[in-house]
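> In case you want the letters, here they are:
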Amino acid sequence: MTSGVADFGHVPPLPGGQSRRWTDYLPSGMTLLLLPPVLFVLLFFVGPILLMLSRSVYDPEIVDALPRSVIAIGKWDRTGLPDATVKRALVEDLQAAPADAVGRAARRLNSFRPGFNSLLTKTKQSIDDAPEAAAGQAVQLEEIDPRWTDASYWAALANNTSSLTDAYLLAAIDKKRNTQGEIVSVESSQRIYWSIIGRTLMISLVTTIICLVLAFPLAYGIVAAGPRLKLTLLAFVLLPFWTSLLVRSVAWVVLLQREGLVTATVRIFDPDFAGLALVHNRAGVYIAMVHTLLPFAVLPLYAVMGNIPRSLAQASFSLGARPARTFFRVYLPQAAPGLYASGLLVFISAIGYYITPALVGGGQDQLLSYYIATFVNATVNWGMAAALSIVLILLIVVLLLAFYPLMRRSGRAL
Amino acid sequence: MPSSAQAADGPDAMAGYSRPGVRRLWNWRVLLYVVCALICVFLIVPVLVIFPLSFNASEYFSFPIKSYSLRWYAEFFGDPKWQAALWKSLQIGVLSTIVSTFLGTAASLGMRRLSGPLRAGVLAVFLAPLVVPLVVSAVGLFYVFARLHLVGTVTGIVIAHSILAIPFVVITVTAALSKFDPVLERAGLSLGAGPVRVFFTVTLPAIRAGVVSGAIFAFVTSWDEVVAVIFIATAQQFTIPRLMWSGVRENISPTLLAAAVVITAVSLCLMLCAALIRRSDGGAER
Amino acid sequence: MGGADAGAYVRVENVWKSYGAGTPVIKNLNLSVAKGEFLTLLGPSGSGKTTTLMMLAGFEQVSGGAIVLGGRDISSVPPYRRGIGVVFQSYALFPHMTVAENLAYPLTTRGLGRAEIRERVAAALQMIRMSDFASRYPAKLSGGQQQRVAVARAMIFRPGLILMDEPLGALDRQLREEMQREIKDLHDLTGATIVYVTHDQSEALSMSDRIAVFNKGRIEQIGSPQEVYRNPATPFVASFIGETNWLAGTVVSAGEGELKARLSSGEEVLCRSKDGLKAGDEVKIAVRPENIVFDRAPEPASCLKTKTLDLTYLGLCTRIRLARENAGELLAVVSQQVPGGYAKEAAEVWFSRDAAIPFAADAT
Ligand SMILES: Nc1ncnc2c1ncn2[C@@H]1O[C@H](COP(=O)(O)OP(=O)(O)O)[C@@H](O)[C@H]1O
Ligand SMILES: [Mg+2]
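Protein chains in written order, with numbering that gives the first Met the number 0: chain H, 0 to 413; chain C, 0 to 285; chain G, 0 to 363.
Don't read these hints as lab results, they were simulated from the structure.
Values in this document were obtained by computation on a predicted structure and should not be read as measured data.
Treat the hints with care, since some could be wrong.
Calculated pairs, SDA-like style, for lysine to any residue (alpha carbon to alpha carbon, straight line, at most 20 Å) [what the hints assert, rightly or not]: (1) C:K178 to G:S62; (2) C:K178 to G:K273; (3) C:K178 to G:F93; (4) H:K121 to C:R278; (5) G:K26 to G:G69; (6) H:K74 to C:R70; (7) H:K229 to C:K178; (8) H:K229 to C:L94; (9) C:K65 to H:A263; (10) G:K139 to C:F179; (11) H:K175 to C:F198; (12) C:K178 to H:A302; (13) C:K65 to H:A302; (14) H:K229 to C:F179; (15) H:K229 to C:K65; (16) G:K273 to G:N230; (17) G:K139 to C:L271.
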């Protein structure tokens, strides 16, 4: 070390001196960077979903098309038929409203009283065509269609006099308001949503249980394996995990269909095998859903199990506990947070499944998501789609609230 | 592996753990790995099966395969419909990757100074698209996009895919930041670099692996995604998964399996890259 | 203590610091550092040393008061404009840059030319004897090597002031002593002003020109290593630096340069005088173990009756635990060969008047 080497020589001072540049005013930690992503997510995720969900209780189509009628029928006592003022209001509304607005209202009313669609469109048509309208003479609704003497049509209108409605939410749990406005169950032939909710929960639960039963030995095997075997086993879990859900569902269709690979494999041993269709039924749904969700069960379990010290089991053995006792009293409590985490993850994913059941399942194997999609795509009933979405989200929230603390608690207890 | 020599006081204290006990554990091990092997077969078969079938010369999914050919790939790459879908998928994938990587990285950086319930709340908002069922998200977007005239536009699908991909970027970048020592930034400042320069020369390089693997996840998310596309796309915007979706519901053609192989191969390669990047990055630290 | 020296290179003037709305962690700090000085901030963990250093570096804002560097108030200048070198405890080497790139970083930010940067980096590498490691990444260096690179990086842009926060805390003992010497050498060589933080008193004693002893956000004493060791200003300093025996008693008489005190055990001892102590005051008297001798100490001296409890042979010296009659224990450290006579049961030990430092009993 000579002083010549040590002398670094002159280094210019930092530019800028006392004056400040804009970078001096940057907020520390760059919290402002949150602004664009938060806005983006609020604008294109939280907002749209809330707006869409609001359609389950907000339904302006009837009020928009028939503003006078809904006010007038509010005074009806629901005995007999409404008086002339109500009918006059309806005629005025139908004269004033454009045909497409009436059409939307008619479809909406039809979902509460089948037949209303044709009744209202026909009435609108007649009023528009009728010479009396131009002459300002009274229109007799009963003459256009005798169904106007049926009080149940008027009741359906009376039940929808506000833009705010609970009809969709009630319908989502197989309830409705009767002509008196009381909440009652729908006729048993039309009770479908409870069974869909029950089916969704059932399929998710069975899938979760099968996943956990399969994931436990596999995760244990991965943890206990040597480095090479561990990598191999992990590859078997990760490859399907990384493969598109759609592709895996398609593959299962190929494997499970009547002339698919499962049948072909059985035929190798039994040439006369008639063929077994595992697709478009419940068995196929379970097989494909378990397959697509199994990695979600294995990975959290593996993470938790990998952190359980071997010395604990050894200590238990050294204290004289036999393997079974060691497993149930020492190992399982340690692995419990992993089981909760895996179970929760699989269940929450399963409950919203759409693609796989739609491809592999039959008509009786579809989950809630399918019906939401159908209400949007096929019948354009936003109210029902939103109400079923709320049911689905509520199920998930309840599950999270119920199991997340349990998971945390058992994790902390370690 | 009961090693009990010291623990056993009396001669019979650990009688159950002489050789027979060890034997029994060993048998359990064999059984365990037989079970593991069966589960692994179950996991891997559906992924592997599409590969040979897509090379099958026959039009039917007959097994065993009698002759192999590339005719379904020729069909896939020759058909303008699939070609258009391939380019749409790439275009949408790249755009959503850019958008979600920028926004997700900004979100992770912005959350650094937050703590407690506020941080948990903000994080929950960003991760929510993982928990909300896909159909609900897609329907919500469709509902609003219909009013914004975004249905059937590339912009609409890119926004939807970005929303679905942001959680992955946030997760990987936040993980990278949690391993990043903020003292390094102080070191940069003390050496005369301003905040912006420190960000680009110190912070960003340190979390680069997280950002890159987040971007890869984002691309693969968009590349594989079909539910949002079902709602938001029109016939002109068919991506490969969307074409496959309508194809399967009619009947599964071997060309469709060739398409499945193509998107699977791309996904697997990218995910493998992401895993290797994270692995090599983790290795460089120690 | 007192007001900062107006001509000093670094002046910390009446600085307060509190985090958020909490109680202040630095209370009315005054400190001045001369150009070229090696000042050590010494104190227990949590006493505010790092906070002080971070305010000097500019990473923490002062809540009150001012920091003046070279005659200019830099209290609100951002850290990257202060031009102060900082060595962090964790080294804070950029993991994605090679050794050479790390060293070049502060020169690049200052806009030096390529050739010049290469030259200076080479010179710095030669100085820390690491020329062969220029293209290594920090993760591939040993702790000592990383430490040297961190020091060189903080010095390469010739900052007037260099701050080091427990830079050797992560090293093992032997390496630490080696690095202490190297840092001292670099200091002598470059003539930089260094403010050094440590909680290791032996490190502070061996390296510093002056030591500032911190306790609970205040400076208890500033002085040369000899001063703070021989003349601790407060009982805290006496306990924190080196080992100390405490004797409790009452002042009997206060004379010229001398106090006479009666211990609770009844023995009368002589100690230095201290302002403010008068006859009848309760006192505690500090006596260093190495000042307790078994031969009669040079007059004026005091004598205590003890019994030997045990001896611990440490090679360089021997520690002897002694029991006083009904009045607790004493520790003596003798460096000579222990004569057989010391191992006897009863022993009379001596200490000279100037080795006994009295404090008011309620002082801390
Ligand atoms: N960022 C911070 N926020 C709140 N309190 C802090 C912070 N940093 C340090 N403190 C508190 O300030 C006091 C002094 O800390 P520090 O300066 O780190 O002490 P030292 O370096 O001497 O160990 C401690 O009580 C510590 O808890
Ligand atoms: Mg400290």
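> Compare the structure with each hint and give your call.
Going through the hints against the structure:
With a CA separation close to 31 Å, the supplied pair K178 (chain C) and S62 (chain G) exceeds the 20 Å bound. Of the pairs offered as hints, the one joining K178 (chain C) and K273 (chain G) is violated, with about 55 Å between alpha carbons and a cut-off of 20 Å exceeded. Taking the CA atoms of K178 (chain C) and F93 (chain G), the gap is near 14 Å; set against the 20 Å cutoff, the hint holds. Distance check on the hinted pair: K121 (chain H) and R278 (chain C) sit about 70 Å apart at the alpha-carbon level, beyond 20 Å; violated.
About 23 Å separates the Cα atoms of K26 (chain G) and G69 (chain G), which puts this hinted pair outside 20 Å; it is violated. Under the criterion of a C-alpha separation no larger than 20 Å, the hint pairing K74 (chain H) with R70 (chain C) is inconsistent with the structure, at around 73 Å. Distance restraint check for K229 (chain H) and K178 (chain C): the Cα-Cα separation of roughly 25 Å exceeds the 20 Å cut-off, and the hinted pair is therefore not satisfied. Straight-line distance between C-alpha atoms of K229 (chain H) and L94 (chain C) comes to about 37 Å, which puts the hinted pair past the 20 Å bound.
Between K65 (chain C) and A263 (chain H), the direct Cα distance comes to roughly 14 Å. Compliance with the 20 Å bound is thereby established for this hinted pair. At roughly 18 Å between alpha-carbon atoms, K139 (chain G) and F179 (chain C) fall within 20 Å of each other, so this suggested pair holds. Of the supplied pair hints, the one linking K175 (chain H) and F198 (chain C) is violated, its CA atoms being roughly 60 Å apart against a limit of 20 Å. Between K178 (chain C) and A302 (chain H), the direct Cα distance comes to roughly 18 Å. Compliance with the 20 Å bound is thereby established for this hinted pair.
For the given pair, K65 (chain C) sits about 44 Å from A302 (chain H) by alpha-carbon distance, which is inconsistent with the 20 Å threshold. With a C-alpha separation of about 29 Å, the suggested pairing of K229 (chain H) with F179 (chain C) is violated against the 20 Å cut-off. For the proposed pair K229 (chain H) and K65 (chain C), the alpha carbon gap of about 36 Å is over 20 Å, so the pair is violated. A threshold of 20 Å between alpha carbons decides the hint, and for K273 (chain G) with N230 (chain G) the separation of about 11 Å falls inside it, so the pair holds.
Distance hint between K139 (chain G) and L271 (chain C) is unfulfilled; the C-alpha atoms sit about 27 Å from each other, more than 20 Å.
Comparing the model with each numbered hint stated earlier shows that hints 1, 2, 4, 5, 6, 7, 8, 11, 13, 14, 15 and 17 do not hold.
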